[in-house]
Amino acid sequence: MVIEAMSEEAVDRIFHALADATRRDIVARTMVGGRSVSALASHYAMSFPAVHKHIAVLERAGLVTKERDGREQVVRARVEEVRRASRLLDELAGLWVARLDRLGEVVAEPQEGEGS
Amino acid sequence: MTVVDVRKDLGAATLTFVAEFDAPPERVWKVWADPRQLERWWGPPTWPATYTEHDFTEGGTSRYHMTGPDGTRAHGWLRFSAIDPPNSLELTDGFADETGANNPELPTSTMRATFESVGDGTRMTLVATYPSSEAMRMVLDMGMEEGMKGALGQVDAVLAG
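First to last, the sequence lines map onto chains A and B. At position 36 of the first sequence (counting the first as 1) the number is 36 in this note's numbering, and the numbers step up by one without a gap. At position 114 of the second sequence (counting the first as 1) the number is 1114 in this note's numbering, and the numbers step up by one without a gap.
In case anyone wonders, no lab produced these hints; they're calculated from the structure. A virtual CB, placed ideally from N, CA and C, is assigned to each residue, including glycine. Errors might be hidden in some of the hints.
[What the hints assert, rightly or not] Listed below are the simulated DSSO-like cross-link pairs for lysine-lysine, each with C-alpha atoms no more than 30 Å apart in a straight line:
1) B/1008 with A/66
2) B/1008 with A/53
3) B/1030 with B/1008
4) A/66 with A/53
[What the hints assert, rightly or not] Each pair of labels, with its calculated beta carbon distance range:
5) B/1087 with A/111: 19 to 25 Å
6) A/45 with B/1097: 48 to 54 Å
7) B/1073 with A/105: 22 to 28 Å
8) B/1116 with A/45: 25 to 31 Å
9) A/59 with B/1059: 41 to 47 Å
10) A/110 with B/1112: 25 to 31 Å
11) B/1092 with A/20: 47 to 53 Å
12) B/1129 with A/38: 35 to 41 Å
[Stated by the list, open to error] Here's a subset of chain A near chain B, in silico, CB distances under 10 Å, partners left out:
13) 14
14) 15
15) 19
16) 76
17) 78
18) 80
19) 86
20) 95
21) 96
22) 97
23) 100
24) 102
25) 105
26) 106
27) 108
Construct all of the structure, not just a fragment, from the sequences and the given hints.
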């Protein structure tokens, strides 16, 4: 299974990193291409160091990379890592869909005392 | 098809399902309230569930085990934090040791189901929340992979739609 390839701590870092709205926004903005830290910071009503901290959390979770490009630091989402976390939830969703399909089959059966 | 929508929220580690049934909410409620009906859908065919206790009241507890192909038993419990028939229910789902006693070391998950009348049928919205990846992995590891193989292609189609 896909999730076996990932350690538990790695997955928890990813979910912790994505539990914050600003960090989710940073990932979304850097999915399509690199954004400089200063360009990202302009979107949020918080100090530059605070934005840096969020980016550091995402980096530790492996969800983004930060590279120097001239005078700028450019942040890019690691699309494959974001997908891996997403797949863990997909597998749980698969389990639930199967369970709810069974629930639907039980609902559809005639009830005792109603005849058949 | 029963499930009409699946939404996943990666940030909140939450899954939301919308399912529709051709039966009124009172009928759908029974598959939760009656342990003999509940155990028929709770576990996959390869790991059928047996409910040994089902106190379907607010604050009540249910105990069950699922039996694997080799006879292995996986024990679990449910605690109902809200019951409003036939409109909504909320529960915590946890694991137990081999005697059926709650194991506080193991992660729990929560789910909330709401039932609405839609024409002659019912729309059920179910929200499942997992507090950590450990909770997710426990659920996935509990011998359930077998039962979901067929559903995976299906959910891919749903998520892609």
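**Ascending list of hint numbers which this structure does not respect** = 8, 11, 16, 17, 18
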